[in-house]
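Student: Residue numbers (my numbering), protein chains in the order written: chain V, 292 to 680; chain L, 1204 to 1498.
Treat the hints as calculated values from the structure; they're not laboratory data. Don't take every hint at face value.
Said to hold, decoys possible - Coverage of chain L stretches by chain V, computed from C-beta distances (three or more under 8 Å per stretch; other residues unrestricted):
| id | region |
| --- | --- |
| 1 | 1288-1294 |
| 2 | 1336-1347 |
| 3 | 1391-1402 |
Stated by the list, open to error - When the alpha-carbon atoms are kept at most 16 Å apart in a straight line, the in silico EDC-like pairs for lysine to aspartate or glutamate are as follows:
| id | chain 1 | residue 1 | chain 2 | residue 2 |
| --- | --- | --- | --- | --- |
| 4 | L | K1354 | V | E656 |
| 5 | L | K1363 | V | E449 |
| 6 | V | K451 | L | D1292 |
| 7 | V | K451 | L | E1295 |
| 8 | L | K1431 | L | D1259 |
Here a beta-carbon is modelled for each residue, glycine too, at the ideal position from N, C-alpha and C.
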Amino acid sequence: MPRSISSFSKRDAQMLAGVGLSSICMAALIFGRLTPLHGRLGFAVTAFVLFVVTYAVMSSFTESRPAVIDRVMTVLLTAAAAVALVALGSVIFFTFKRGWTALRHLNFYTEDLRVTGPEQPLTSGGVLHAIVGTLIMTAISLVLTVPLAVTCAVFLTESKSRAVNAVRTIVTAMTALPSIVAGLFIFATWVLVLGFPRSGLAASISISIMMLPIIIRSADVVLRLVPGSLREAAAALGAPRWRTVWHVVLPTARSGLTTSVILGVARGIGETAPVLLTSGYATSLNLDPTNNPMASLPVTAFKLVSSPEPNQIARGFGAASVLMVMVLVLFTIARVLGGRPAGRQSTRQARRAAAQSLADLARIEPESVPEAPQLGERAGRLPAILQRK
Amino acid sequence: MTEQGVTSVTDQGPTIRIDEPRAGDAPSETTAVDGHVVFDVRDLSVYYGPFRAVRDANLHIRQHEITAFIGPSGCGKTTVLRCFNRMNDFIETARVEGTINYHGVDLYDPQVNSTEVRRRIGMVFQKPNPFPKSIYDNVAYGPRLAGMKKKAELDDVVEKSLRGAALWDEVKDRLKNSGLGLSGGQQQRLCIARAIAVDPEVILMDEPCSALDPIATARIEDLMQEIKSKFTIVIVTHNMQQAARVSDRTAFFTTEVNPESDRRTGVLVEYDLTKKIFSNPGDERTEQYVTGRFG
């Protein structure tokens, strides 16, 4: 009998449930009665192995060999995906759960910790200083890294120089640089040799060192994906090299470049060790990145969680939760701003393009503009002739 | 482009009047009325590294004519074509010997500005390659490069070019939509519109119809006939019928096996009026190729 591979029949569900039940029972039998083993993890692993074996045997009664293999592989892969998702989900859930007592107070987001001691209740004090510090440091790092990284990636993809391979090797090596080394490097050069104070700026520079190779590497890959035919087309119109890059290559790769910047920010925003070295920890709000320690969320989480006081620990987990939410928000913004592949329009963009097209037509060839509902009659409405059938 | 008649491709180099007749000394001339020579190719050899891809090609490309390059794969048609606007510059190992004179100026003279060459000598590629921008911006790209900023002027160029490429009526109410949303044939005509928007003198076409269906191909061929009064066209094609249909002159290339290295080098076998090439070719190899006995 042909088996549909894409759908999930009632019979499949019954079989899965039966096999699941039997494997749990067998595991209980083996674990509790027949062998002196114990422990939850061992039980789960045994149950899973029994499940796979039983499922394969049961399937083989009715199915052909390829179908049995297909089913067993489906189970294994689904299980692998589930383990990964559960791991991720439990990290997020655990952090929010531990931080919830702090998170639910509004003052957590509007106050810093300058007057709040470790034993004071969660209704006082917050991590505003760390939120602002993280935002300032990330912003400075972005300003430092994005132009540098994109320029470097353009060099790697467009140049025929012999230095390209050397630069690419160095960048690859830099991705493996331990962050503490980046922190020490900036501490040694910027603070000790050049004599600048430890500050948010110094921390931003050390974060930039961590972000740079990540952005360069992924931007390099993205720029190489831009079809050579587009470069040729621009060149054939008499575009000099730099104009080809600026007007054709970079806009075409925009969405991919956004992703590479996101990857860089993801790396930089969570850096703890270099910030600790080059900026240090502060309990009060500091808006000046050139002077005095500036706190960041990961450093704050680290400092607070290492305290023995339960309230401080809750604040630490709260800070970590805020960091996660912030990353999510930043990514969403970046995706919305730079997300679409070049040449694809969102519904709203398509609507705006249609309106502009009509405006262009009215300007270029006024007599041929259709009588249909004019622009602005209802803002944003698609003119009738352009509506998709 | 400068006013018709005066052209200069070097930064400070010579200025040549193109309406000054040049003595045509192409091999086996059979026509009485010859257009002015745009490209005078002498002993052109192209190398990729140590490998010689094309050997000793000699031909004249004449103004307001369609010249077709035909021949089997690997015979160097495209290589020669890409020498005309110095696209081979982008291939690191490519090297050119001999001369290509464009209105008497050697295109490979160190003084020649290759960017300016490409602005005057446009190109349409095998696969339609519109930029991932709007239709309007695709066409306006070249004029904007040349410094045109005024909306009215740009509008004018965009309209004229799209009309010139027989695309205006199909896209006039969606100029701001992405060029990638068009069909393959429309995209190729958009690329032609983009090429003619900078008002080049020559348009090089590298198998412009190989990715298109017969109907779209017919439209492009009609278009070539329409625009040939304004431009000089050189087309590479694998399709002999196409060459016979559209071109005034045809150059037949073939490959020669190098006995020592077993590598194949392209040679120009015969260059003549299309009529003659297809009815009464002077070379046996040409006859075999156009009658379908080889290649």
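Student: A separate judgement is required for each hint: does it hold in the structure or not?
Tutor: We went through each hint and held it up to the structure:
| no. | hint | in the structure |
| --- | --- | --- |
| 1 | 1288-1294 | holds (count 3) |
| 2 | 1336-1347 | holds (count 5) |
| 3 | 1391-1402 | holds (count 4) |
| 4 | K1354/L - E656/V | holds (14 Å) |
| 5 | K1363/L - E449/V | violated (34 Å) |
| 6 | K451/V - D1292/L | holds (12 Å) |
| 7 | K451/V - E1295/L | holds (8 Å) |
| 8 | K1431/L - D1259/L | violated (28 Å) |
Violated hints for the displayed structure, listed by number in ascending order: 5, 8.
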